[in-house]
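Kindly produce the complete structure, drawing on both the sequences and the hints.
One letter stands for each residue in the lines below.
2 protein chains.
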Amino acid sequence: MFRHDYSPSMAKPSTRHKSSLSAAWLFLTGAFVALLLVWSFSAFSSSSQRFDTLSESKSATDRKQGRCDMGAVNLQYDPPNETFYDDPRLSYTVGNKVENWNQKRKEWFKHHPSFAAGAAERIVMVTGSQPSPCKNPIGDHLLLRTFKNKVDYCRIHGYDIFYNSVLLHPKMNSYWAKIPIVKAGMLAHPEAEWIWWVDSDALVTDMEFKLPLHRYKNHNVVVHGWPGMIYENKSWTSLNAGVFLIRNCQWSMDFLETWANMGPISPDFSKWGPIQRSIFKDKLFPESDDQTALIYLLYKEKEKYYDNIYLEGEFDFESYWVGVLPTYDNMTEQYIEIDRRSPTLRRRHAEKVSEFYGAEREKYLKAAGNGRGSWRRPFITHFTGCQPCSGNHNPMYSGEACWKGMVKALNFADNQVLRKYGFVHPNLRDSSLVSPVPFDYPVPNEDGPWG
Amino acid sequence: MFRHDYSPSMAKPSTRHKSSLSAAWLFLTGAFVALLLVWSFSAFSSSSQRFDTLSESKSATDRKQGRCDMGAVNLQYDPPNETFYDDPRLSYTVGNKVENWNQKRKEWFKHHPSFAAGAAERIVMVTGSQPSPCKNPIGDHLLLRTFKNKVDYCRIHGYDIFYNSVLLHPKMNSYWAKIPIVKAGMLAHPEAEWIWWVDSDALVTDMEFKLPLHRYKNHNVVVHGWPGMIYENKSWTSLNAGVFLIRNCQWSMDFLETWANMGPISPDFSKWGPIQRSIFKDKLFPESDDQTALIYLLYKEKEKYYDNIYLEGEFDFESYWVGVLPTYDNMTEQYIEIDRRSPTLRRRHAEKVSEFYGAEREKYLKAAGNGRGSWRRPFITHFTGCQPCSGNHNPMYSGEACWKGMVKALNFADNQVLRKYGFVHPNLRDSSLVSPVPFDYPVPNEDGPWG
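Line by line, the protein sequences are chains Z and W. Here the first sequence is numbered in the working numbering, starting from 1 and rising by one per residue. Here the second sequence is numbered in the working numbering, starting from 1 and rising by one per residue.
If you're looking for bench data, these hints aren't it; they were derived computationally from the structure. One or more of the hints may lead you astray.
Each pair may be met inside one copy or between any two copies, as identical chains are not told apart.
As the list claims (entries may be wrong) - Here are the simulated SDA-like pairs of lysine to any residue, each with C-alpha atoms no more than 20 angstroms apart in a straight line:
id, residue 1, residue 2
1, 110, 72
2, 135, 407
3, 104, 87
4, 110, 349
What follows is the structure, given as structure tokens:
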């Protein structure tokens with residue numbers, strides 16, 4: 001798919017929600033943490049060689065009561081209370097409506113209290129590719145590496161990731177395949193507030209960036225897009241449907257069914273292509289496609305969809321590779337400059353606390369801006385127009401440009417991960433070569449592994 | 001690598017550690033959970049459409065004090081206190097010894113208290129493959145799917161996974177590459193008690209099985225092996241070094257250096273091959289290999305290594321695909337039989353609580369036994385002798401047998417995952433075809449998607 005790059009951004013106010021906390025709550029939380037500290041240190045000191053395992057009996061008691069082991073979610077507890085899973089009418093397949101989902105999900109949480117804490121920020125990334133080997137000889141290698149890239153991002157930020165490699169509905173193929181997968185993901189993951197679909201040809205190229213979920217609290221779908229391009233320009237590139245967040249709620253369930261009904265599952269499928277093209281004249285595919293279908297809904301039923309779908313245009317929710325790829329080298333330089341100024345950012349650290357450093361870097365990124373001319377790393381670089389698996393690509397550029405571009409983007413991203421393991425690719429074009437990162441790198445006015 | 005299949009099992013007593021918990025602790029935990037419940041329900045009831053986000057101000061305060069957000073680990077807190085990361089002498093590279101690691105790790109936990117709870121059971125799976133595309137045309141496709149398989153297992157059990165696609169030490173290639181990766185993983189993940197190396201050609205084929213960590217509490221390395229084969233038969237297949245658990249401690253740091261010193265990093269590398277072969281006469285490779293090197297250490301310095309290395313022979317810590325592949329169909333039947341007997345196991349559920357069902361199934365698996373003749377699913381099916389990426393394989397079997405076998409194993413495993421998303425592969429040879437799983441399947445004496 002192709003998108004319009006660097007459209008005017010749409011400003012939406014960032015809102016914050018503050019819940020009131022009682023003094024008693026704070027006191028007891030404090031007491032809990034204090035006890036936790038005491039317990040954990042005594043556990044460590046009892047053996048200098050290794051840490052004691054948790055008591056099995058204590059865990060067992062807690063698990064039976066649905067509590068979590070020392071604060072984490074409880075993976076071992078599913079009480080016999082009836083939930084939506086016990087309803088024979090519930091179907092994972094698109095075309096069979098799920099009803100009353102908010103209430104059902106709420107009931108599920110009631111019976112799984114350990115999952116309630118943090119639920120609002122819980123994300124499951126969903127991605128995938130075809131079940132058979134790729135036609136493009138380098139295709140599966142690129143898929144392997146783009147999957148690794150997403151797993152890296154999810155590990156750093158504590159998100160789950162599901163890679164799907166089957167067609168869940170035989171008719172919903174190609175760019176329509178994601179809709180049945182997202183629906184199944186919502187049902188399989190009631191604990192997650194958000195499902196985050198990311199195309200296989202989209203890479204995370206800012207491993208530190210965290211989705212600003214607080215901006216989306218009044219919306220159910222988030223997609224990279226620009227309202228002017230929908231309502232004035234009437235362009236099928238007014239948003240990109242290859243990366244989207246969707247809230248795990250009834251509205252989304254209904255929306256997925258409506259969306260799917262403009263796809264091959266619908267008896268009217270053949271009519272939708274011409275209808276879409278009559279409005280969105282730059283549309284590429286003759287038949288109905290998921291992206292134009294989504295734009296069509298926003299265009300035709302603005303009152304129903306526009307208030308629920310957040311068109312994120314303030315940062316690179318996904319960005320067209322052709323525009324951003326040439327800027328990587330300058331970005332690398334700019335980020336090294338930041339490192340030179342910040343002793344904190346030069347500190348080595350456990351990969352698990354990377355978010356602390358991401359927040360620290362934000363202080364230095366205010367000047368970078370967003371969009372065209374910005375030297376901030378693009379959050380996601382999307383190889384729109386390249387099809388790594390089939391090998392087909394937009395004739396505007398060569399396949400070589402696509403695959404080499406992906407390798408460069410992968411190494412650009414991998415450098416942000418690998419550094420926590422002590423290494424770096426000095427040359428983004430060379431996936432094989434790595435060098436150790438010197439201590440306190442980059443010291444002002446000294447060369448390092450990047451040269 | 002090749003291993004001897006179904007060797008006599010080595011019985012080691014399973015030990016349990018019980019810590020005493022004060023009544024006050026239980027009381028406060030209870031109070032905490034009770035409050036949590038009240039809080040979470042009130043949060044849900046304030047909006048019927050969606051759940052409120054956590055207060056940002058509360059989180060911020062907690063994070064500054066190193067506490068966790070409502071019980072999870074705190075990814076956003078790295079205080080300025082000095083840790084081992086601030087020591088310029090610390091090197092991620094093999095050949096540079098890490099000293100006093102237990103103390104250093106303990107200090108790190110002191111400054112990162114949210115990671116202390118659950119530390120003893122925290123595992124990071126580490127795997128990987130070469131940086132360049134595979135020579136075997138289907139190679140990268142198989143690597144993609146075996147990686148997905150591991151990600152699935154780790155998601156279900158709450159483990160982190162790191163896929164490495166570079167050579168961290170230019171000399172440590174081929175089967176030696178894992179040692180530098182495991183060392184870097186230990187340093188990058190002080191929060192994890194265990195690093196679990198799994199070869200790219202090894203697949204998890206029992207998604208429900210959980211590593212019995214309590215058995216390993218007095219050991220630092222766990223590997224599939226049989227002492228009789230080491231000390232009597234003197235065979236290089238007396239253990240398999242393609243899958244191992246290693247404790248994140250000083251002993252392991254020293255061990256990795258010793259192990260690496262029989263590899264290409266050593267000036268004596270060329271001498272080690274003939275030395276190994278003089279003892280382990282069935283050894284395949286003329287040069288020193290990681291597996292024979294490990295066996296050599298156990299053989300030569302039994303007192304130093306045997307007490308620290310647990311030779312797991314009681315279950316399929318990894319198992320040779322040639323032996324187990326033909327048993328999948330019967331296993332599938334046996335497991336469906338269990339489902340017919342257990343209404344609990346027929347219940348649909350959130351993927352996140354799969355461990356509950358794994359524990360439930362254990363009740364029915366007592367009769368299955370282990371090893372030869374068992375109908376218990378092998379925990380890991382290892383395609384030893386097949387090299388999916390290079391395409392080279394043991395001349396005993398065809399490449400076709402390897403790749404088709406891997407596809408069958410992948411689908412066998414995927415069926416255990418996909419079911420939580422409502423679908424199943426009716427035919428293990430066909431990766432593309434899936435069917436919806438009917439409600440309450442398998443009802444006694446009725447056919448379903450497998451039938």
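A quick look at each hint next to the structure:
| no. | hint | result |
| --- | --- | --- |
| 1 | 110 - 72 | both (17 angstroms within a copy, 19 angstroms between copies) |
| 2 | 135 - 407 | both (18 angstroms within a copy, 18 angstroms between copies) |
| 3 | 104 - 87 | within (11 angstroms within a copy, 52 angstroms between copies) |
| 4 | 110 - 349 | between (38 angstroms within a copy, 15 angstroms between copies) |
When each numbered hint is compared with the structure, no violation occurs for any of them.
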